[in-house]
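First to last, the protein sequences are chains A and B.
If you're matching positions, the first sequence starts at 70 in the numbering used here and goes up one per residue.
If you're matching positions, the second sequence starts at 320 in the numbering used here and goes up one per residue.
These aren't lab readings, by the way, just hints derived from the structure by calculation.
Just to be clear, a hint being listed does not mean it is correct.
As the list claims (entries may be wrong) - Cross-link-like lysine-lysine pairs, in silico, DSS-like; alpha carbons within 30 Å at most:
#: 1; chain 1: A; residue 1: 105; chain 2: A; residue 2: 167
#: 2; chain 1: B; residue 1: 364; chain 2: A; residue 2: 149
#: 3; chain 1: A; residue 1: 156; chain 2: B; residue 2: 828
As the list claims (entries may be wrong) - Partner residues are not named here, just some residues of chain A that face chain B (Cβ under 8 Å, in silico):
#: 4; residue: 98
#: 5; residue: 100
#: 6; residue: 101
#: 7; residue: 108
#: 8; residue: 109
#: 9; residue: 111
#: 10; residue: 112
#: 11; residue: 121
#: 12; residue: 128
#: 13; residue: 131
#: 14; residue: 145
#: 15; residue: 149
#: 16; residue: 158
#: 17; residue: 165
A quick note: this is a predicted structure, and the numbers were derived from the prediction, not measured.
Glycine is no exception: its CB is placed at the ideal position from the N, C-alpha and C atoms.
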Amino acid sequence: MSTKDKERIELLQGTLDLLILRTLLPGPAHGHAIAKTIEFNSADVLQVEQGSLYPALHRLIRRGWISSEEGTSENNRRAKFYRLTAKGRRQLTVETSKWEKLAEAIARILRPAEQE
Amino acid sequence: MMADLDRDIQDHIEIETQDNIGRGMSPEEARYAAIRTFGNATKIKHQTYEVWSVAWVERLLQDVRFGVRTLWKNPGYAIAAILTLALGIGANTAMFSVVRGVLLAPLPFHQPERLVIIGESRPNLNLKELDVSYPDFQDWQRDAHSFEQMATLTWSSYDLTGSGTPQHIDGMQVSAGFFATLDVPMAVGRDFSRSEDQPQGAQNVIISNRLWKDRFRATPQVLGQYLKLDGADYTIIGVLPPGFRYLTEADVYTPLAVSNPKLCGDRTFRGIVSIARLKPGISIAQAQGELSTVQAQLDNLYPAADRNLGIYIDSLKHDFVGDTAGMLFMLLGAVIMVLLIACANVANLLFARAAAREREFAVRSALGASRMRVVRQLLTESVLLALTGGLIGLGIAKLALVVVLGGIRDSLPRGENVGLDWTVLLFAFGVSLAVGILFGLAPAMKSTSKTVFGSLKAGGRGSTRAHLRSQGIFVIVQMGLTLVLLTGCSLLLRTVRELRNVNPGFEAKNVVTFKVGLSPSMSRTEIDVQAAFQQLVDRIRQLPGVEAVDVAVGLSLPLSERDHSGSFWVGAQEPASMQDAPHALLFWTGPDYLRTMRIPLLRGRFFTPADTLKSERVIAIDDDLAHTYFPGKDPVGQTINVAWQNFGPARIIGVVGHVKNWGLNDPGTDNPSQIYISVYQLQNLVVPDLAKYLTIVVRTPLDTAAVIPAIKNVVYGAAEDQTVYRVRTMQEGVSATMSSQRLAMVLLAAFAGLGLLVASIGFYGVISYSVTQRVQEIGVRVALGAKPRDVLRLVLGQGLRLAIAGLIIGAVAVFLLGRSLPSFSQLLYGIKATDPLTLLTASGLLLGVAIVACYVPARRALKIDPIVALRYD
């Protein structure tokens, strides 16, 4: 395994859901594209085991935050596309603000430690 | 969605493959890389599947199917576990059904929580009595506002003659509002009306449903027909619904005022019980307060009868069953201990099994099963075992209720209510579920811990140490609980033995008692009754084998009789109120009574046939009365004024020994004074029928079965339609006073025996298992020169250590419980709950059992051949 892999951080279940929602904000995408986008946009820090995407996608479908449809990929291959629903769009805002608050709080705790 | 998943995954991998080819890999490499990057497709599919989660039901079914298969393949261990659990759950279910039937189930009347019983108390003497007087009751009815309905009642019995076989039946005399208070509708006909319930009212009767079916074949034309009770005709005006009962299964109910006219006019005679239904929203405390105010006015209006009388009100249910609550809950606690012992056994079994299945768990983990999943699987298995055990346990409970409790049911109030109803079934199910989960948890968690999984390489032995430790803990707990049960049981055994040795003041052996129903055609005036009984007694005295015989009233043994007490005073000064005067227990007897009961005569003489209505009134007193009121003097010749029933002044002719009237554990504090009055000097009694009160007491060395036929001949010889009933030996009566202790003793003995059996099997199992696990170790020791004695010490040492640790814990528990459990200490007599000798004996027994249980495994350990052992893996 390359050193690059060691820096990759394991992704928590709920966080993955949030990232997927965000990734779909610009528009619908298929599973493979979503995985690649997350990797790319995080500068390869976030490792997404591609398969673990699918339980997450189904969770989001079950909650009604995304919907699915058949489509064709860039290479003219068959693929299932996922798209954000109105409900999902609202949820994205909620979850994002929750995440930002969490990150802020953790950062605040970690900062004094750095000063010592 | 799910149907597409396979395809979606394939599509995804396809796209990644293409990407990889674009990066320069060969098609084969590209595909492999894509598959690897994707991850474990099977696991992914399962996880996705679980998202759509009716999956938990599927999983449960899967677990159940797998569990059943596993258990089927190992029937030995499954059967052992199931049987152990069945015993524990069965015993608990049986005990719970008793608690439910007697204590928890509400009374079978409409809104039973509003039903109360009203008694008169004497607060200055700290006495609570249930009996009230009729005139007081009438005044309450008029003046009190807290009650919707009030009623009074008393018990009686009648000779039923006429068409059909003559019988002696139980009955009740009730006021007009009785059935209305209980809110019981008639099945046929109507209730008594207020106007009918007067001293000169019509002789109507309401009969039980059972009597209606037996004697009248349930004909709707029963109304207006007659019943001949004690020779008088009563018109049937109503039939009760089936299953109605108020404490007893009385067959006939007559109006109280009609049956007891003298009682209704006498404010000083307290011989009836009063019940009432509270108005909605009124509490017992409020009602008691209000009625006390009413009673205070009566105290002022009628000082001779009522001064210083108070009121106390109790819920009807508590009156029915209150005394037994403590004992029953204690027994429930004991049977729960048995269940814990059984569960500990099963847990240890599961530990042993789990050790053998380590490989299976490790492989499942490697295949992706989370720890929780495996634990869930194991829990499903243990719950399956428990539920099966519970089912069989229900059968055992039913058997127990029929066989064991059948004999004891009569000594429990509301015993007829005990049975397997749906709450009991629910309880059994709940307990099985709880047991399965609680006791499967420890083995399940312990056998799936991380250290276990790491042990796949080590030949699967790593967990044994941890398992043995856990098993050891369970065994120690078992030993402790068993000790508690054994000690409790021995204490009760000692108590019963002590009680049997108590001298009650008379000799109960070889005494038979019975009552006689006089011929209905006979006159019931006191004189005629006295003459009839005197004749009977004289004739019975002539029978061979009869040493002594006479009549008596006032015995509380047998306990079906109520005792009679009355006030008296010594000296010339009559006390201002009868409530302030001293009270004594009254016995109305014939002259031969003393000899029949072998009560010692301490001074003077007892009654003779010369003491009649025409001669001077005489009484005999007991030595307690003599010491209290005539200290240092000879009471014989002195006069005492007996206020009861206006008996008047009477000369003391003798002093007799005190008897324990309420049972062998009667401390005698309630009514230390006892007065004997000759039956043949009674007249103008307030009681309606003297004959009903008289019991004939016979001393004979012959067996009851041998002497009763002769006695019956005498009775029938006097008149054909007379009856002999309530035949009981004095011994039975005495035993009846110990019925709580005996019930507790029998049940506790059963529980202790069960616990001991299960615990010793478990103990044996654990030691045996331990030896099997340590075969290698022992082999090594022997090979290194250990003697058989050392091996023995190893095995026995382990066993003894466990046993002694358990005994210590048990002893501590006994001390704590002994101090803090009044419901148990109350049952004891002559011995303290923390009696050290009993504890030591029980410990010794348990230790002995433990050593015996070690015997077979120890022998096996001795036989271990080191060469074989070292090769054994």
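Verification of the hints:
1. Note on residue 105 of chain A and residue 167 of chain A: the hinted pairing holds, with a Cα-Cα distance of about 25 Å set against a maximum of 30 Å.
2. A distance of roughly 16 Å separates the Cα atoms of residue 364 of chain B and residue 149 of chain A; the hinted pair therefore holds under the 30 Å criterion.
3. Restraint check: the Cα-Cα separation between residue 156 of chain A and residue 828 of chain B comes to about 91 Å, which exceeds 30 Å; the hinted pair is violated.
4. Hint on residue 98 of chain A is violated. Least Cβ distance to chain B is approximately 12 Å, over the 8 Å limit.
5. About 5 Å separates the beta-carbon of residue 100 of chain A from the nearest beta-carbon of chain B, less than 8 Å, and the hint is met.
6. For residue 101 of chain A, the shortest C-beta to C-beta distance to chain B is roughly 4 Å, which falls under 8 Å, so the interface hint holds.
7. For residue 108 of chain A, the interface hint is violated, the least distance from its beta-carbon to any beta-carbon of chain B being 11 Å, above 8 Å.
8. A least Cβ separation of about 13 Å between residue 109 of chain A and chain B goes past the 8 Å threshold, and the interface hint is therefore violated.
9. Taking 8 Å as the C-beta contact cut-off toward chain B, the hint placing residue 111 of chain A at the interface is violated, the least distance being around 16 Å.
10. Because the beta carbon of residue 112 of chain A sits about 18 Å from the nearest beta carbon in chain B, more than 8 Å, this interface hint is broken.
11. Annotation: interface hint on residue 121 of chain A holds; nearest CB of chain B at approximately 7 Å, less than 8 Å.
12. For residue 128 of chain A, the interface hint holds, the least distance from its beta-carbon to any beta-carbon of chain B being 5 Å, beneath 8 Å.
13. Below 8 Å, beta-carbon pairs count as interface contacts, and residue 131 of chain A has one with chain B at about 6 Å; its hint therefore holds.
14. The interface hint given for residue 145 of chain A is broken, as the beta carbon of that residue sits about 10 Å from the closest beta carbon of chain B, more than 8 Å.
15. Among the interface hints, the one on residue 149 of chain A holds; its C-beta lies about 5 Å from the nearest C-beta in chain B, closer than the 8 Å criterion.
16. Hint status for residue 158 of chain A: violated, given a least beta-carbon distance of 21 Å to chain B, over 8 Å.
17. The restraint placing residue 165 of chain A at the interface with chain B is violated, with a minimum CB-CB distance near 23 Å, outside the 8 Å limit.
Violated hints for the displayed structure, listed by number in ascending order: 3, 4, 7, 8, 9, 10, 14, 16 and 17.
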